[in-house]
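J.: Spelled out, the chains give:
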Amino acid sequence: MIEVRDLNLSLPGFALREVDLSVAAGEFFALIGPTGAGKTLLLEAIAGLTAVDSGRIDVAGREVTGLPPERRGVGIVYQDCALFPHLKVRENIAFGLRYRQVDPAAGRVRVGELAERLGIGHLLDRSVTHLSGGERQRVALARALAVEPVVLLLDEPLSALDPAFREDLRFMLKEIHRISRVTTLLVSHDFGEVQYLADRAAVMNQGQIEQTGPVEEIFSRPRTPWVARFVGVKNVFACAFESGRARLGDSRIRLAGPPSPGASHLAVRPEDILVSLERPGGPEVNCLEGRVSGFTALGQVLELQVEAASVVFRCQVVRQAPLDGRFQPGQPVYLSFRPEAAHTL
Amino acid sequence: MAASTVSVLLLVFLPLVQMLLSPSPGLLWETIRDKDVLRAIWLSLYASGLAALISLVLGTPFAYLLARRDFRGKKLLESAIDLPIMIPHPVIGIAILSVAGAHHPVGQFLAWLGVRIMGSVTGLVIVLTFVGLPFHVNAVRTGFTAVPERLEKVSRSLGAGMTATFFRVTLPLTWRSLVIGQIMCLARAISEFGAVVIVAYHPMTAPVMIYERFTAYGLEYSLPVAAWLIIASLVLFVILRWVSAAGEKRP
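Which chain is which? The protein sequence lines are A and B, in order.
In this text, residue positions in the first sequence follow this note's numbering: the first is 1, and each later residue adds one.
In this text, residue positions in the second sequence follow this note's numbering: the first is 1, and each later residue adds one.
Source of the hints: derived by calculation from the structure; they are not laboratory data.
Some but not every residue of chain A turned toward chain B, in silico, with C-beta under 7 Å:
1. E70
2. G96
3. Y99
Covered, in the sense of this in silico footprint (three residues per stretch, anywhere, with C-beta under 8 Å from a C-beta of chain B), are these stretches of chain A:
4. 42-56
5. 76-87
Taking CB as the label site, the calculated pair distances span:
6. A:F14 <-> B:A80: 25 to 31 Å
7. B:V106 <-> A:P85: 40 to 46 Å
8. A:S132 <-> B:V106: 56 to 62 Å
9. A:A105 <-> B:V106: 53 to 59 Å
10. A:D162 <-> B:G161: 35 to 41 Å
11. B:S7 <-> A:E167: 58 to 64 Å
12. B:T142 <-> A:E167: 36 to 42 Å
13. B:M86 <-> A:S132: 44 to 50 Å
14. B:R72 <-> A:A238: 42 to 48 Å
15. B:T142 <-> A:E3: 38 to 44 Å
16. B:T145 <-> A:A105: 36 to 42 Å
17. A:D125 <-> B:K35: 55 to 61 Å
18. A:R126 <-> B:T142: 28 to 34 Å
19. A:F14 <-> B:T145: 20 to 26 Å
Even glycine gets a Cβ: it sits at the ideal position worked out from N, Cα and C.
The shape of chain A in the complex, shown without the other chains:
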């Protein structure tokens, strides 16, 4: 449905370089990456709102690289909603209908139905300047959906909302996608949002795509140290591989399979590490002796820093009031994790 091939786009001080992206028809795809990675720019390039230097963009099997935005059939919803302040809610939603040759009576019905489905039917005659953040975002979504785009681009649509509104809209987005099956490309910083909504994702960094794949794979098996750190794998260590094991200091880490070709790093998620005061049993589990060097309270979770195998591991333990004194700096502990939790990059 969306095919981006070898896309290059230069702006003063920033560039998208050799971007390749493929989103299947009906798919909910997420673009994730730090601020300034070029996610919004890529979205605008697909929508035709920013001219590209080279490369090719296809939407629904048709090359659109040189087409103006109004002829691409690509809808876009921005984080700040970009509602037309001089128009009422109804006029905002109906804005694009005249360009789709929708009969006025049919247009009114479509606007009404969409507004009802998005829970803003009672706001149709209001000015958009008097709406809450959640209401504004629903109007922006209804406006984009009203013209029945072949592709819907969502640029961090939920990030400016209060948590309660965010959850409501997240469910709504999922439901709308389930019903309409419109191909959707979502830009988001929120990993929970991406995991809930998207089937596949691409991780962008400094104008390039670092990894593309199913969302769960990106989070569980990042391919580069940068992606690993970005998706929250805090234990990423340079290491050597010998006889199918990773050598970390004096320790040999057992792996579930052979290291990936060209691998130079070992990655373990903090939540995959068990911290204990006594050596756990089981020869198949990696077990390292270490010493607590510090800790940080993160809400209900305590993040421990443990020196083991010549590196500092970050591990998470659930806070339990009677036992919180267990892990003081200097305390000897055991770190254990299954070979499946040790990824090579």
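With chain A's structure known, arrange chain B on it following the hints.
T.: Here is chain B on its own, set in the frame of chain A:
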């Protein structure tokens, strides 16, 4: 603060009020019945109105370009557009005459077309456009800059072309800036004397007539013409401001 306010009000209004109150009602009435005076005031308003309209047509797309695009030499262009505000106005008149003269290709081309600049309404309108255009461009550019570009992008993604986007999104949000730009341009053009007196002493505009009557007959004969020019300008600007304010209440 109160002293500052009073000082500013005195500085601005005292001479103007004095000018309006000095001529007797009889003299004012007699002056406005003078066809030369009427013609001069009308020419000032008419030529300034034309200059404002030309600025609207030429300056608005240019202001949009400055507000929306970044390009090499933009700062230089922005400074250049302000030049007519800064340089002495007789210099503007001389510059226009030098371009429109018989020795310049532009002047030769205009002569071939039968267009006369020196001492003509055409020359007058060109001069007034020259001095008024920067005011329109600056006011309108500020208005365009205040409209988030994303509104236009969303409009395009919804199927509206560039022209439709301008008329359905950009213009409704900036038309007050356009009115303000026109007011500024008109005001500047009506008050222009230095460049006009070089390019078109005749046909005579109101400022030139005021100057001529002052130098030939003294203050008493120039004051009533000046008073009528102020009254006419005031009425015009009050109407424009009223239109702008009425639109503000009805976005």
